[in-house]
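First to last, the protein sequences are chains A and B. Residue numbers for the first sequence follow my numbering, so the first one is 554 and each next one is one higher. Residue numbers for the second sequence follow my numbering, so the first one is 685 and each next one is one higher.
Among the hints, a few may not be true.
[To be verified] In silico DSS-like cross-links for lysine-lysine, where the CA-CA straight-line distance does not exceed 25 Å:
#	chain 1	residue 1	chain 2	residue 2
1	A	Lys762	B	Lys749
2	B	Lys749	A	Lys779
3	B	Lys741	A	Lys735
4	B	Lys792	A	Lys779
5	B	Lys920	B	Lys722
None of these hints come from the bench; they were simulated from the model.
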Amino acid sequence: MKDPQYGWWLPPDVSTNGWVVDQLLAIIHWFMLALFVGWGIFIIYCLLRFRAREGHSAVYEPIKAAFSKWLEVGVAVAEGVVLVALAMPAWAAIKNITAEVPENPVIIRAVAEQFKWLFHYSGKDGVFGAIGSEFISTDSPAGVDPDDEAGYDDFWVYGLHIPVDRPVITRLSSKDVIHSFKIPVMRLTQDAIPGLEIAVWYQATDTGKFQVGCAQLCGLGHYEMKADFVIHSPEGYQAWLDEEHAALGFDDE
Amino acid sequence: MNKLSILVVALLVVLLPVQSGGQAEKPAGTATVTGSVKFEGKKPRIRAIDMSGADAKCSEAHGGKRLKPDTVIINKNGTLRNAFVWVKSGLEGKSFPMPEGDAMLDQKGCTYTPHVQGMRKGQSLAIKTSDPTAHNVHGYAKVNRSFNRSQPAGAGDVSIRMRRDESSPPMKIKCDIHPWMNAYVAVVDHPYYAVTGEDGSFTLANLPAGTYIVEVWHEKYGVMEETITIGDGEAKSIEFTYAG
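Bound-form chain A, shown alone (with noise of 0.2 Å):
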């Protein structure tokens, strides 16, 4: 198990997708040094070369020389070049990231309501009950309709719960407003949008218990819109799926 230390540096990245989006981190973060340093050196040359002087003083006219003139489209061109080249290959790896989904993924619903997640799986049937927000109520708070055999083994939890090394879809929707579901340590982000339901899939490399947020400022009690984010081994999510069943005690019926 790893302890979420969430330092000064990034959190620790369990996900198979997660080194794309360091990598991308780090290229950007690097490329941004190299040009800070590169034209703060610049600045600090023209501020000491060019300073006023005896027998030196400043002109605040342009220069009209074609070389500076060129020199500056040029780098308005290549600044673009590393725009677009840095864009693409962000681009690419979002692209990557969302296309295909493994085989043999567990899906489960991530509700969105200001101020909480809620998370919805399909119970021992692996079917979701129907849905619909006509059926949002205190005892059915992911809107399952009570009436669906298919919803009868379907639970909901403030936390959300994963196995190791098997791909996850999440299927996102919201109550309320725009949330953003963000797992840190699966260097995962996607907005909650009221009215539609959007999928990411997402794959842990390792056990743990970590933290489910917010990422977009949804009201109030934004702050406290947090769950927990654990990752079981097989064998552990297989005991906490039927720990949850059992609490449903609608086998007794």
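Position chain B relative to chain A; hints supplied.
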């Protein structure tokens, strides 16, 4: 007369009837309506709440155990708990002495206690927090002014004065931080209301003689009403039955 004496006289005129009303503490009537709220049919599937994923401090308050919500509680004798019974009409134009103090709503173990209660119009609702975690009490009032207050651990009571009748349906109060927390408060203009408890019974005592509509409300099963005519010193019984 100068302005001050006019004011004093005006104050006396306003205050005296209230004073005399306060002195005469005799009940407004001698009739009694009793009854019970029964439940028949299929029990709903109510899932217990595991608070641990959302707020460890909440689940610690229950020793890590799951908590059955107060939404539908069917008592051992087949009656329904947390149903609100009140005299809906027949008391118009009458005034009754106000109870002393505030109506109380406590936040303990990340649930509201009591789950359903009645209070008098003009009374204040004091919302207390006994939890080591933050709450945000949000009153979805339709008639009264709605409210939405943050209440960190150890904060003082939030006091809300209810200025209007709001009992059909009662107002819903919810915690925005812990979505499973909800309570209902009915604001009534007279003292003839009750909430069914562990035996599902209710008593509306000291009613004046008259013809009344008695209404029962339950958060899941809605409202029912019954008309009853009762004379001085009489005791009558009403039985409400909800079907699952």
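Hint check results:
For the hint pairing lysine 762 (chain A) with lysine 749 (chain B), the CA-to-CA distance comes to about 19 Å; that is within 25 Å, so the pair holds. Distance restraint check for lysine 749 (chain B) and lysine 779 (chain A): the Cα-Cα separation of roughly 20 Å lies within the 25 Å cut-off, and the hinted pair is therefore satisfied. For the hint pairing lysine 741 (chain B) with lysine 735 (chain A), the CA-to-CA distance comes to about 22 Å; that is within 25 Å, so the pair holds. Of the pairs offered as hints, the one joining lysine 792 (chain B) and lysine 779 (chain A) holds, with about 21 Å between alpha carbons and a cut-off of 25 Å not exceeded.
A distance of roughly 17 Å separates the Cα atoms of lysine 920 (chain B) and lysine 722 (chain B); the hinted pair therefore holds under the 25 Å criterion.
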